[in-house]
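K.L.:
Now for the letters of each chain:
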Amino acid sequence: MVAGQTRGKPKRSVLFKLLNRLADNEAVIGYLFILPSLIGFAIFFAYPALRAVYISFLDWNLLSDAKYVGLDNYQTLVADERFWSSLRVTVLYVVWNIPVQTVLAVFMAVMLERFSTPVSSIMRGIMILPWLMPNVVVALLWMWILDPSIGLMNEFLKLVGIGKQPFIGSPAQAIQSIAAINIWRHAGYTSILIFAGLKTIPKSLYEAASIDGAGDLTQFRKITLPLLRPVLVFVLVTSVIGSFQVFDTVAVTTSGGPAGSTQVIIYYIFQQVFERRIKMGIATAASVVLFAILITVTIVQMRLLRSGESDLADYQ
Amino acid sequence: MTTTQQIVSIQMSKQVRARGGKMLAYLVLLALLFITLFPLWWVLRTALTSPTFVFSHTSSLLPVNPTTQNFERVLGLIDTSDLVGEGVVTSYMSTATLDFWVFLRNSFIVSSAITLGQTVFSSMAAYAFARIKFPLRDTIFFIYLTGLMIPSIVLFIPNFVFIRQLGWIGTYQGIIAPTFLMTPFAVFFMRQFFLGLNKDLEEAAIIDGATRIGLFWRIALPLVKGPILTLAILTFIGSWNEYLWPLLVGRDENVRVLTVALGIFREQTPQGSPDWAGLMAGTAVSIVPAIVIFLFFGRKVVDSIQFSGFK
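Protein chains in written order, with numbering that gives the first Met the number 0: chain A, 0 to 315; chain B, 0 to 310.
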């Protein structure tokens, strides 16, 4: 008893000292600061990412017991013509969306540079407006303008002497129309990013080049484009990742139709869970495939665009 | 002589080119203004047009037989069944109303909660990653960064299953939970600004006996007020515009947000053509928050993008 008491006292004060020292300890404070975010990341990012891989090996409809089926879901995917078609549609969308949007955004950014500061500032404010609007709202707005029979766009085309176009009503034009809608929403935002990149290029380079007799186009090709590369990498990588995940516009305007011509991969996944018989395994397997595609595309892009280097270093 | 002449002629041709460039730039400016703003005018014009005339006067630039009835209908100020009784309802018109104020409230609750939580907790984490030394710090941050690459749909399905297990389907917390504590983007974004802060101030404060928490609260936070406000705006806009996750978790009417409601309103329009006048009225009203944010913070958002976009 006596021994226990004497041992108890120093124990408590050791604990107290320990706590005191912990409160002063940088490492403990650091962990306390990141703790909430770590919990959020573990529960809603890391765990679900791993869980998705696990679910992709199951036959599961959320209600019944899950059954382990190995690679069956992946085999089903490979055999499903609609899955392949959704991949083709997605790639077609990316191929329409990215080049047009990027070229347009670079052009707009270069033009922005030529305005006086207040004009360019107001313009940038206005150009970001479509990006501030919900996707759903943008989709509805353009659905109305592109309506095949009474939409404004066909009235406009009539004025210019072009016949009525079906737009989202026909398999031949639907995915391009959806690309156009998203270009309208994102081109302004993208060009503001690129404009920010333009601002980092030293003016003296252009002055030196024009004394050497280089014209606008040469300057653009020899100075602007190479020095813009870090920004272009950022813009391309994020917009390509975003384009592969297009969903809202499709869900609101065409629901994958007509004739599956706008059934993009995310819409395919969505249908596996919510519109057909619930197939969690197939849906997550398709998600894992999409993830693999995105990682590959990102790495390839970064390699091709030599993202680790900056040409600006050569000039400084 | 020849060199001065050359320089003069280069300067002259530069001036001419600059003037030509300016003209081209202003033409482009006008085109951009038109392309950006005209569709928005078309929303308003259609929303103010009487439903009966939407299909007949399709090219009129002004509202036809102007009426505020569409707005009243959408906002639930008039009872659509009265219109049916009076024979006003045509086949072009949906009798569905948008329970607008409820959905607006829901959007506001959801977006505010996400913005508050995410901004606070991500800033704390970002500060630790930038300024405090602890074991595994850089490894943990790198793992966060890989989280940026995971497509959101990959996360949605397991998260949906998890939220369902918690019994949170059809609740605010179900919609809010996944992004309340952090997003990799928010941590990454704020870390850049904390990294850029001058260390001298903090060191001086340490000599004066400031604690770590004091340093964060009194010194670092006030210096990144601008970026924090920007992150808050970006987060608010992002969660206000979110469609798929609230569609999965919050289809129920009591927590339904505006984007989901608009999608459903469109599904409910009668057979044949959608009720364009009503839809555009709903669309117009739901753009208002974006316009308000644009008017108050437009410059701020744009400037911050300059700063953060590719660092």
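Among the clues, some could well be false.
Claimed, not checked - Here are the computed lysine-lysine pairs in the DSBU-like style, where the Cα-Cα straight-line distance is at most 35 Å: (1) B:299 / A:16; (2) B:132 / B:198; (3) B:21 / A:221; (4) B:198 / B:224; (5) B:224 / A:198; (6) A:198 / B:299; (7) A:202 / B:132.
No lab work stands behind these hints: they were computed from the structure.
K.L.:
Which earlier hints turn out false for this structure, listed by number in ascending order?
P.N.:
1 and 7
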